[in-house]
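K.L.:
What follows is the residue order along each chain.
Number of protein chains: 2
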Amino acid sequence: MNSRNHIAVIGAGLIGSLLSIYLAKRGYKVSVFERRADMRVSNTEAGRSINLALSTRGIKALEEVGLADVLKSVAIPMHGRMMHDLQGNLSFLPYGREGQYINSISRSGLNEVLMNEAEKHNVTFHFNNKCLAVDFEQTSLTLHDLNSKQNVTKEFDLIIGADGAFSAIRSAMQITDRFNYAQHYIEHSYKELHIPAGENNKHLLEKNALHIWPRESFMMIALPNPDGSFTCTLFLANQGSNSFNSLTTSEDISTFLTRNFPDAVKLIPGLINQYHTNPTSSLVMIKCFPWVKNKTLVIGDAAHAIVPFYGQGMNAGFEDCRILNNLLSKHNDNWPIVLEEFQTIRKPDTDAIAELALSNFIEMRDLVADPKFLLRKKIEAKLHELYPDKWIPLYSMVTFNDSIRYSEALAMGRKQQMIMDKILTTPEINATWQQLNFKEIVSQLER
Amino acid sequence: MNSRNHIAVIGAGLIGSLLSIYLAKRGYKVSVFERRADMRVSNTEAGRSINLALSTRGIKALEEVGLADVLKSVAIPMHGRMMHDLQGNLSFLPYGREGQYINSISRSGLNEVLMNEAEKHNVTFHFNNKCLAVDFEQTSLTLHDLNSKQNVTKEFDLIIGADGAFSAIRSAMQITDRFNYAQHYIEHSYKELHIPAGENNKHLLEKNALHIWPRESFMMIALPNPDGSFTCTLFLANQGSNSFNSLTTSEDISTFLTRNFPDAVKLIPGLINQYHTNPTSSLVMIKCFPWVKNKTLVIGDAAHAIVPFYGQGMNAGFEDCRILNNLLSKHNDNWPIVLEEFQTIRKPDTDAIAELALSNFIEMRDLVADPKFLLRKKIEAKLHELYPDKWIPLYSMVTFNDSIRYSEALAMGRKQQMIMDKILTTPEINATWQQLNFKEIVSQLER
Numbered sequence: 001m002n003s004r005n006h007i008a009v010i011g012a013g014l015i016g017s018l019l020s021i022y023l024a025k026r027g028y029k030v031s032v033f034e035r036r037a038d039m040r041v042s043n044t045e046a047g048r049s050i051n052l053a054l055s056t057r058g059i060k061a062l063e064e065v066g067l068a069d070v071l072k073s074v075a076i077p078m079h080g081r082m083m084h085d086l087q088g089n090l091s092f093l094p095y096g097r098e099g100q101y102i103n104s105i106s107r108s109g110l111n112e113v114l115m116n117e118a119e120k121h122n123v124t125f126h127f128n129n130k131c132l133a134v135d136f137e138q139t140s141l142t143l144h145d146l147n148s149k150q151n152v153t154k155e156f157d158l159i160i161g162a163d164g165a166f167s168a169i170r171s172a173m174q175i176t177d178r179f180n181y182a183q184h185y186i187e188h189s190y191k192e193l194h195i196p197a198g199e200n201n202k203h204l205l206e207k208n209a210l211h212i213w214p215r216e217s218f219m220m221i222a223l224p225n226p227d228g229s230f231t232c233t234l235f236l237a238n239q240g241s242n243s244f245n246s247l248t249t250s251e252d253i254s255t256f257l258t259r260n261f262p263d264a265v266k267l268i269p270g271l272i273n274q275y276h277t278n279p280t281s282s283l284v285m286i287k288c289f290p291w292v293k294n295k296t297l298v299i300g301d302a303a304h305a306i307v308p309f310y311g312q313g314m315n316a317g318f319e320d321c322r323i324l325n326n327l328l329s330k331h332n333d334n335w336p337i338v339l340e341e342f343q344t345i346r347k348p349d350t351d352a353i354a355e356l357a358l359s360n361f362i363e364m365r366d367l368v369a370d371p372k373f374l375l376r377k378k379i380e381a382k383l384h385e386l387y388p389d390k391w392i393p394l395y396s397m398v399t400f401n402d403s404i405r406y407s408e409a410l411a412m413g414r415k416q417q418m419i420m421d422k423i424l425t426t427p428e429i430n431a432t433w434q435q436l437n438f439k440e441i442v443s444q445l446e447r
Numbered sequence: 001m002n003s004r005n006h007i008a009v010i011g012a013g014l015i016g017s018l019l020s021i022y023l024a025k026r027g028y029k030v031s032v033f034e035r036r037a038d039m040r041v042s043n044t045e046a047g048r049s050i051n052l053a054l055s056t057r058g059i060k061a062l063e064e065v066g067l068a069d070v071l072k073s074v075a076i077p078m079h080g081r082m083m084h085d086l087q088g089n090l091s092f093l094p095y096g097r098e099g100q101y102i103n104s105i106s107r108s109g110l111n112e113v114l115m116n117e118a119e120k121h122n123v124t125f126h127f128n129n130k131c132l133a134v135d136f137e138q139t140s141l142t143l144h145d146l147n148s149k150q151n152v153t154k155e156f157d158l159i160i161g162a163d164g165a166f167s168a169i170r171s172a173m174q175i176t177d178r179f180n181y182a183q184h185y186i187e188h189s190y191k192e193l194h195i196p197a198g199e200n201n202k203h204l205l206e207k208n209a210l211h212i213w214p215r216e217s218f219m220m221i222a223l224p225n226p227d228g229s230f231t232c233t234l235f236l237a238n239q240g241s242n243s244f245n246s247l248t249t250s251e252d253i254s255t256f257l258t259r260n261f262p263d264a265v266k267l268i269p270g271l272i273n274q275y276h277t278n279p280t281s282s283l284v285m286i287k288c289f290p291w292v293k294n295k296t297l298v299i300g301d302a303a304h305a306i307v308p309f310y311g312q313g314m315n316a317g318f319e320d321c322r323i324l325n326n327l328l329s330k331h332n333d334n335w336p337i338v339l340e341e342f343q344t345i346r347k348p349d350t351d352a353i354a355e356l357a358l359s360n361f362i363e364m365r366d367l368v369a370d371p372k373f374l375l376r377k378k379i380e381a382k383l384h385e386l387y388p389d390k391w392i393p394l395y396s397m398v399t400f401n402d403s404i405r406y407s408e409a410l411a412m413g414r415k416q417q418m419i420m421d422k423i424l425t426t427p428e429i430n431a432t433w434q435q436l437n438f439k440e441i442v443s444q445l446e447r
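As they're listed, the protein sequences go chains A and B.
All residue numbers for the first sequence refer to full-length UniProt numbering, where the first residue is 1 and numbers rise by one.
All residue numbers for the second sequence refer to full-length UniProt numbering, where the first residue is 1 and numbers rise by one.
The set of hints was computed from the structure by calculation and includes no laboratory data.
Misleading hints may appear alongside valid ones.
Said to hold, decoys possible - Think about it this way: if two alpha-carbon atoms lie no more than 20 Å apart in a straight line, the pair counts; the simulated EDC-like pairs of lysine to aspartate or glutamate are:
{"hint": "1", "chain 1": "B", "residue 1": "K287", "chain 2": "A", "residue 2": "D69"}
{"hint": "2", "chain 1": "A", "residue 1": "K293", "chain 2": "A", "residue 2": "E64"}
{"hint": "3", "chain 1": "A", "residue 1": "K191", "chain 2": "B", "residue 2": "D177"}
{"hint": "4", "chain 1": "B", "residue 1": "K293", "chain 2": "A", "residue 2": "E187"}
{"hint": "5", "chain 1": "A", "residue 1": "K287", "chain 2": "B", "residue 2": "D177"}
{"hint": "6", "chain 1": "B", "residue 1": "K191", "chain 2": "A", "residue 2": "E112"}
{"hint": "7", "chain 1": "A", "residue 1": "K293", "chain 2": "B", "residue 2": "D177"}
{"hint": "8", "chain 1": "B", "residue 1": "K287", "chain 2": "A", "residue 2": "D177"}
{"hint": "9", "chain 1": "B", "residue 1": "K347", "chain 2": "A", "residue 2": "E187"}
{"hint": "10", "chain 1": "B", "residue 1": "K378", "chain 2": "B", "residue 2": "D421"}
{"hint": "11", "chain 1": "A", "residue 1": "K60", "chain 2": "A", "residue 2": "E112"}
{"hint": "12", "chain 1": "B", "residue 1": "K382", "chain 2": "B", "residue 2": "E440"}
{"hint": "13", "chain 1": "A", "residue 1": "K287", "chain 2": "B", "residue 2": "E440"}
{"hint": "14", "chain 1": "A", "residue 1": "K347", "chain 2": "B", "residue 2": "E187"}
{"hint": "15", "chain 1": "A", "residue 1": "K120", "chain 2": "A", "residue 2": "E64"}
{"hint": "16", "chain 1": "A", "residue 1": "K378", "chain 2": "A", "residue 2": "D333"}
{"hint": "17", "chain 1": "A", "residue 1": "K29", "chain 2": "A", "residue 2": "D177"}
Generate coordinates for the entire structure from the input sequences, incorporating the hints supplied.
P.N.:
This is the structure we're talking about:
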């Protein structure tokens, strides 16, 4: 392929839009096909979650396409987790070192900035175009135009499916020979609830934190929005006690929410109405391999959708784009080599973040309220302070880093966990942890 | 539902045909829709593997519908594994006790008997009918008649998808909310080769055995056919050395097969031509849950396709039918209760046989040639002889039994393996195994 070649990107979401910028900047002709209407002119669909946590890996990719500054200016820094107990008492746990934070950002706002930027690079967006079929031999797409009701089949030099967890491109791959595929729905689903702004757009909870109401078998979180409001997300099991299925009457819902989230409930007007009106959404994990069939690739959620508990879904998808672009530079746009190398090196990393995201749900809903967990975080912070390059807490390796691969972070995190598990069995550790031999502890990492 | 109700079965394969007999015998009106032509009048497609191993669980179901005797009369008993080494030397390892055997049976012959029997019970078969869509709310099917080229949508009281590993019914379920699904292709594929009969339809290898050429990273097997021929199945990796991908030239293929299967190669006329002409087929495992959406059920391979190495795919599907029928009797044909109970009790068992089938590949291609493995089998046979109800070898629990669930067999097999692993570390065990305290060994099972 040469840079005059024509690439079809399926999906004008976050990943498809960012990818189209990268490709257009390399000189390719890029056409993006999107099933939905243009979110910039039509508000028919609000999208999925309202806000997202943008962190270092995502920012790195935005920097490369020249958008990091504009986006960071509208994002809200969240320096740590603010835990709310059953009495409404607060405790704060920083995410990393002083000055390290994640960013609450509007999904639709970010998406619009990316689409506008892509258009500046002559990317063309074709909305209301649904992908009906893919021919992997001809590298052709059959698209249904929802406006004209016409079907058109077009050939391209390359097709990239960035069309999300329910990808049409991946569905077509699924029925080809020797395509491994798994979709797994976790036991919990979620529902968003809205805390409006106070007077003068004031945030009614601490603005610069991610709020968590950890309740062991379930939890609620809240992220700040620029208009002073918060978007809460309630995570409940589908079945059993305290589940979306068991809570049906307004009275039960009200009793349950008031008992478990007393301070939040006061801030949510029309709580019961919101609960009944807002959809309950499932949480699915997707794994597949290969990601490449001839000259068609899947990327982002289409290749590796994960649960949201590490705040890494979008960041991992943006990192996909950055890595693909790096490989194109390394191999002078030799696509067959690039595609093969991309899926080979990237697959173990997306498997790793899938696992980390799932286990972080346990940490968020359960462990953050556990004194042992808090002590562990304190000791790890100390180790990181004394040996900043040697002992990097797992959360920081994943969130505040773009040079450690997810799979390396997972492996190192396991090693750290074994060391910390042992330390926490030390008698009187709560009182004596500051006398630990930190140098010796760090040296254990190298064994 | 009452017995006047109309049930659609999708797929006229082994499971769909047997299931239709069970249901018709209960009084239901049963219509079977099959994508292919009627195999009894059209030979356009030979089907998949030519022969299958029918064993106790499958026979039990055939007995219930009154077909066991007729089918056993055309089946060929296989009393054990006949191993062929690199020099063509043979060694025989029985499957069970004296008089226990599995049966080589023709897939198409068995299928035809089942269809003919179903028609006697007024089951109607509709061939060349492809399922295009399922409406789980209306319990309706949209079928495309390949002859008339017409699409028809019909409502039923119940729909059962017995349409195999690439089930159209399951594909429709896959895009409903919270449906867990995985398809996994193993590294090896297979190719069938044919050993014709000798003079007077004489079998040119021992007739009453399943032949194995175990070669560690690959293997070949052969099953006898009633006409005196054998169907060989060569299992090779797809990639790497000694793989379907690496063996491309006729010279390489000939050298490889002659070196590894010298005695078999002499019996296969036109070996290279057969190798090039016969297809290479993939091996896929399918898991999904739930199996039920409203009044639609998937069963057999459509719900739980497994690899063929335990010879249990068909037997497990037949057992599905038997268990479903038992539950209908138990609950007076109260289908909502039956469907829920069926998937709940049966899922752990099909997961177990999936795992057993995969690990038996290792045993067949590798361990059966290992002296330690043979000693283990000898000790286990002795334990079984002395305590026939207490120590039942895993293979026998799976193959020569219909009252031990697959999940129970797997759990018991693990316990046995731990005990045997320890015994085999005994010094001089080869010479002294007959002096073992067998009573004490068996008592370990109860700890």
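K.L.:
Now look at each hint and say whether the structure bears it out.
P.N.:
Results for each hint:
{"no.": "1", "hint": "B/K287 <-> A/D69", "result": "violated (46 Å)"}
{"no.": "2", "hint": "A/K293 <-> A/E64", "result": "violated (28 Å)"}
{"no.": "3", "hint": "A/K191 <-> B/D177", "result": "holds (15 Å)"}
{"no.": "4", "hint": "B/K293 <-> A/E187", "result": "holds (18 Å)"}
{"no.": "5", "hint": "A/K287 <-> B/D177", "result": "holds (17 Å)"}
{"no.": "6", "hint": "B/K191 <-> A/E112", "result": "violated (53 Å)"}
{"no.": "7", "hint": "A/K293 <-> B/D177", "result": "violated (27 Å)"}
{"no.": "8", "hint": "B/K287 <-> A/D177", "result": "holds (17 Å)"}
{"no.": "9", "hint": "B/K347 <-> A/E187", "result": "holds (17 Å)"}
{"no.": "10", "hint": "B/K378 <-> B/D421", "result": "holds (14 Å)"}
{"no.": "11", "hint": "A/K60 <-> A/E112", "result": "holds (19 Å)"}
{"no.": "12", "hint": "B/K382 <-> B/E440", "result": "holds (13 Å)"}
{"no.": "13", "hint": "A/K287 <-> B/E440", "result": "violated (47 Å)"}
{"no.": "14", "hint": "A/K347 <-> B/E187", "result": "holds (17 Å)"}
{"no.": "15", "hint": "A/K120 <-> A/E64", "result": "holds (16 Å)"}
{"no.": "16", "hint": "A/K378 <-> A/D333", "result": "violated (47 Å)"}
{"no.": "17", "hint": "A/K29 <-> A/D177", "result": "violated (31 Å)"}
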